[in-house]
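When you get a sec, could you build the whole thing from the sequences and use the hints?
There are 2 protein chains.
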Amino acid sequence: MALLGIDLGGTKVAFALFDREGNMKAKEVVALDSRRGADVGKLIAVTTALKVSAAENDGDPVEATGISVPGISRRDRGTVWAPNIPGWDDYPLLKEVTTVTGQIPLVIESDRSCYISGEIWKGNARGCHDAIYLAVGTGIGAGIIVNGELLHGAHDIAGAIGWMGLSRPFRSKYTICGNFEYFASGEGIARQAAEYLKRHDKYQGELRKASGKKVTSQEVFAARETGDIAAASIIDLAVEYWGMAAANLVSLFNPEKIIFGGGVFGPAVGLIPAIRQEAEKWAQPISLKQVSFEPSALDGDAGVYGAGFLALKQISQTKH
Amino acid sequence: MALLGIDLGGTKVAFALFDREGNMKAKEVVALDSRRGADVGKLIAVTTALKVSAAENDGDPVEATGISVPGISRRDRGTVWAPNIPGWDDYPLLKEVTTVTGQIPLVIESDRSCYISGEIWKGNARGCHDAIYLAVGTGIGAGIIVNGELLHGAHDIAGAIGWMGLSRPFRSKYTICGNFEYFASGEGIARQAAEYLKRHDKYQGELRKASGKKVTSQEVFAARETGDIAAASIIDLAVEYWGMAAANLVSLFNPEKIIFGGGVFGPAVGLIPAIRQEAEKWAQPISLKQVSFEPSALDGDAGVYGAGFLALKQISQTKH
Numbered sequence: 007m008a009l010l011g012i013d014l015g016g017t018k019v020a021f022a023l024f025d026r027e028g029n030m031k032a033k034e035v036v037a038l039d040s041r042r043g044a045d046v047g048k049l050i051a052v053t054t055a056l057k058v059s060a061a062e063n064d065g066d067p068v069e070a071t072g073i074s075v076p077g078i079s080r081r082d083r084g085t086v087w088a089p090n091i092p093g094w095d096d097y098p099l100l101k102e103v104t105t106v107t108g109q110i111p112l113v114i115e116s117d118r119s120c121y122i123s124g125e126i127w128k129g130n131a132r133g134c135h136d137a138i139y140l141a142v143g144t145g146i147g148a149g150i151i152v153n154g155e156l157l158h159g160a161h162d163i164a165g166a167i168g169w170m171g172l173s174r175p176f177r178s179k180y181t182i183c184g185n186f187e188y189f190a191s192g193e194g195i196a197r198q199a200a201e202y203l204k205r206h207d208k209y210q211g212e213l214r215k216a217s218g219k220k221v222t223s224q225e226v227f228a229a230r231e232t233g234d235i236a237a238a239s240i241i242d243l244a245v246e247y248w249g250m251a252a253a254n255l256v257s258l259f260n261p262e263k264i265i266f267g268g269g270v271f272g273p274a275v276g277l278i279p280a281i282r283q284e285a286e287k288w289a290q291p292i293s294l295k296q297v298s299f300e301p302s303a304l305d306g307d308a309g310v311y312g313a314g315f316l317a318l319k320q321i322s323q324t325k326h
Numbered sequence: 007m008a009l010l011g012i013d014l015g016g017t018k019v020a021f022a023l024f025d026r027e028g029n030m031k032a033k034e035v036v037a038l039d040s041r042r043g044a045d046v047g048k049l050i051a052v053t054t055a056l057k058v059s060a061a062e063n064d065g066d067p068v069e070a071t072g073i074s075v076p077g078i079s080r081r082d083r084g085t086v087w088a089p090n091i092p093g094w095d096d097y098p099l100l101k102e103v104t105t106v107t108g109q110i111p112l113v114i115e116s117d118r119s120c121y122i123s124g125e126i127w128k129g130n131a132r133g134c135h136d137a138i139y140l141a142v143g144t145g146i147g148a149g150i151i152v153n154g155e156l157l158h159g160a161h162d163i164a165g166a167i168g169w170m171g172l173s174r175p176f177r178s179k180y181t182i183c184g185n186f187e188y189f190a191s192g193e194g195i196a197r198q199a200a201e202y203l204k205r206h207d208k209y210q211g212e213l214r215k216a217s218g219k220k221v222t223s224q225e226v227f228a229a230r231e232t233g234d235i236a237a238a239s240i241i242d243l244a245v246e247y248w249g250m251a252a253a254n255l256v257s258l259f260n261p262e263k264i265i266f267g268g269g270v271f272g273p274a275v276g277l278i279p280a281i282r283q284e285a286e287k288w289a290q291p292i293s294l295k296q297v298s299f300e301p302s303a304l305d306g307d308a309g310v311y312g313a314g315f316l317a318l319k320q321i322s323q324t325k326h
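Chains A and B are the protein sequences, given in the same order.
Quick note on numbering: the numbering used here labels position 102 of the first sequence as 108, and the sequence is numbered without any gaps.
Quick note on numbering: the numbering used here labels position 118 of the second sequence as 124, and the sequence is numbered without any gaps.
No lab work stands behind these hints, which were simulated from the structure alone.
Incorrect hints may appear among the rest.
Where chains are identical, the list cannot tell them apart; a pair therefore holds if satisfied intra-copy or between any two copies.
[Claimed, not checked] Distance condition first, Cα-Cα at most 35 Å in a straight line; then the derived DSBU-like pairs of lysine-lysine: (1) LYS179 x LYS219; (2) LYS18 x LYS295; (3) LYS215 x LYS101; (4) LYS219 x LYS18.
All values derive from a computational prediction rather than experimental measurement.
Next comes the structure, spelled out in structure tokens:
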């Protein structure tokens, strides 16, 4: 019996088959190309149908399917909001995929919920009942497990940690994405670089040289490696924000682990000890001693593993 | 059949009997007087024994007991840490009370967990599955319900929101109690008043007149009512912190309600609309629209109601 995990991203969708122990038996990545709106849903449904019938023919039928979506899964309506998929403000993905999966249990969750679920199944949060995945990429979100269950909130948008306020007083520029994300997402780091260049006419370091166009967060990390002072100050500030945010998660949730992942961890993975040092200043001191900070073990595969694990959990819930 | 709810405070302990619908049938408050350490435990056990046998004689026996403690209930060990009860660093309350309750189900929870449970049972969070009680008294804590269950964390110290970092950069003075609590607890408001008086030699307003000794938070609220500018600025700052903290809870938990309680709400209860206005600046905007901010409906009885409700839940869990 197989579990099908599907991970939809902004440019591609990954399909992977797992056994119940979480061993990945096959994986295929399909580009979205120029697809948008319902065409993305159809691509997922058609490819799912192929996977399901191929698994059937192999004598190892799919017993449940999980889908990770880059946004919000509105579980009561079966719809998805995904800002990077044009036309997916309230897309009825459940209905679309159910036309091909039929009676096979199907679960759709946000990518951040899938990331922490994947780490619990086969990554660095194995065995945890209380663990958080801090996903820092273009934006920032948190996948949160409490008492062994995903934290969804009343309307499925829990974990919007990019909106965490960490430095009063308020500035109206934070309203585009939230105070934490403004400074410490990949986009935020790029934004800090642009602001630095604007403020410092005379600076002629790596960030100025980096490119004619907008500096990327990758370029800021690379410049920091060369000893560039501007890049160092931008990353130091991000470390301060990551440390405060992690500390706040520790004080509120008293988790066993915080897993750092997403595109920025990546290059920031070596900064986890510095983030912990910053968190030690702010957090409830006993709770801080009880948590470990770790990188993602699954990197880009966390979503597809998590989708597979949630498919597995769906089976036991359906049978209850 | 009756439920016995017990609420231990720093100076007194309340015992109340409820029916299964949450109607309070009797309540008695016993002063701790000079008791400390094991004597507090014995007072609780002895009074519990009296309540249990009186209920038995009335033909309405106690079917479960809940105890609210002003600190942390370490459920795995059955012990309690309560900073305001001398000698209760790791006091074996479960063992002490079980000697008199015997087979009657017994549950011990932190006061903040009891507050939100009480509001869910008979207060302003009735019917909620995701709700938070922000308790602002001498200190600050949060009782948090997600998916209808209490958030305990890995080691029972979740909800330590007084430690939330809200205003970088870090100052070492925050290590005594946390950044949020430093400015916005009852003690924090008193501390701001003391610092104000020290910084403003020439100020001769209400706070200077208030008393020869340390100004209390009550005196700050009273001075604000008279139009005192110092008191207004201290409370404005607290409103900013309460708003940011509430916003962060909204973004992380996507709750249905946040209940404001504790001694400070109280005099701050009229400020809830101003707190919401502040939260609107910071929070995830959709999540903010989905939450309501409300005062505690139970005030000083939230703990004893919550203890009664958790006793009721203990029965159904025991029978599973």
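Hints, one by one, checked against the model:
When the C-alpha separation of LYS179 and LYS219 is checked against a cutoff of 35 Å, the pair qualifies only within one copy, where the shortest distance is 22 Å, while the shortest distance between copies is 44 Å. For the identical chains of this complex, LYS18 and LYS295 are inter-copy neighbours only, at 33 Å across copies versus 40 Å inside a copy, given an alpha-carbon limit of 35 Å. Taking the shortest Cα distances, LYS215 and LYS101 never come within 35 Å of each other, neither inside one copy (50 Å) nor across copies (69 Å). Taking the shortest alpha-carbon separations for LYS219 and LYS18, only the intra-copy value of 26 Å comes in at or below 35 Å, while the best inter-copy value is 67 Å.
Checked against the numbered hints given earlier, this structure breaks only hint 3.
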